[in-house]
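**Q** All chains should be built: construct the whole structure from the sequences, respecting the hints.
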Amino acid sequence: MFEQVTDEEERGQVGIGTLIVFIAMVLVAAIAAGVLMNTAGLLQSQAEATGQESTDQVSNVVTIDSATGEVSDDQVVGVEMMVSLGPGADAVDLDAATFEYVGSTTARGTVDEFEGLEIQTLDGTATDDTIIESGESRQIAIGLSEAGVLDVDSASGLSAIDAGDDATFTISTADNSQTTKVLMAPSTLSTSSDVRL
Numbered sequence: 185m186f187e188q189v190t191d192e193e194e195r196g197q198v199g200i201g202t203l204i205v206f207i208a209m210v211l212v213a214a215i216a217a218g219v220l221m222n223t224a225g226l227l228q229s230q231a232e233a234t235g236q237e238s239t240d241q242v243s244n245v246v247t248i249d250s251a252t253g254e255v256s257d258d259q260v261v262g263v264e265m266m267v268s269l270g271p272g273a274d275a276v277d278l279d280a281a282t283f284e285y286v287g288s289t290t291a292r293g294t295v296d297e298f299e300g301l302e303i304q305t306l307d308g309t310a311t312d313d314t315i316i317e318s319g320e321s322r323q324i325a326i327g328l329s330e331a332g333v334l335d336v337d338s339a340s341g342l343s344a345i346d347a348g349d350d351a352t353f354t355i356s357t358a359d360n361s362q363t364t365k366v367l368m369a370p371s372t373l374s375t376s377s378d379v380r381l
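Going left to right, the sequence shown walks through residues 185 to 381 as the working numbering numbers them.
Keep in mind that the hints are not guaranteed to be accurate.
Each pair of labels, with its calculated beta carbon distance range [stated by the list, open to error]:
(1) D346 to E232: 48 to 58 Å
(2) S250 to A217: 52 to 62 Å
(3) G272 to S250: 14 to 24 Å
(4) T309 to D277: 14 to 24 Å
(5) E317 to A214: 29 to 39 Å
(6) G225 to A310: 22 to 32 Å
(7) A358 to G319: 19 to 29 Å
(8) V212 to T364: 53 to 63 Å
(9) E232 to V205: 38 to 48 Å
(10) D313 to R292: 20 to 30 Å
(11) M221 to T305: 49 to 59 Å
Read the hints as simulated data drawn from the structure, not as lab findings.
Note that beta-carbon positions come from the ideal geometry of N, C-alpha and C, so glycine has one too.
**A** Now the structure itself:
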């Protein structure tokens, strides 16, 4: 049933060939395992970075709690918005944020680039402390069409909001989280008082 091999040299060659094939398979498997481990580590680090960025984008949001308009000549000529952090947000630097105002005219930029926009304390005083911590609030003031509105150094050159019209204000933080507020003026404006937008 089994053939007996009488030539010892032939038997040795078969054994060496099998050993070489086995070693080659082990080497290929080791290289493949190394490549897979390296790829898995790279994918894990990318997934962690993406997850952190996504979390920051969702959680590090600035909320606009209220908006008030200053009325003059049946138009809203200035806007004050109280802002704070969303729940669970880390500290946000408003100096690194981008602001966009879209009405009949449009402006966008950082605090330094957006003419007529000012970061203030809640009592309306300009401040250099633009970092909002948890539990703190700041005020963003925008002067529209008139210099000196809301103690802003100069007006932005943006058109005032007429009665019944609206404008949109967006804050984009450095983490790319966005908050948008529609600033809608009431259909009738009294020149004697400020209005809630």
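**Q** Looking at the structure, which of the earlier hints fail to hold?
**A** Failing hints, ascending: 5 and 6.
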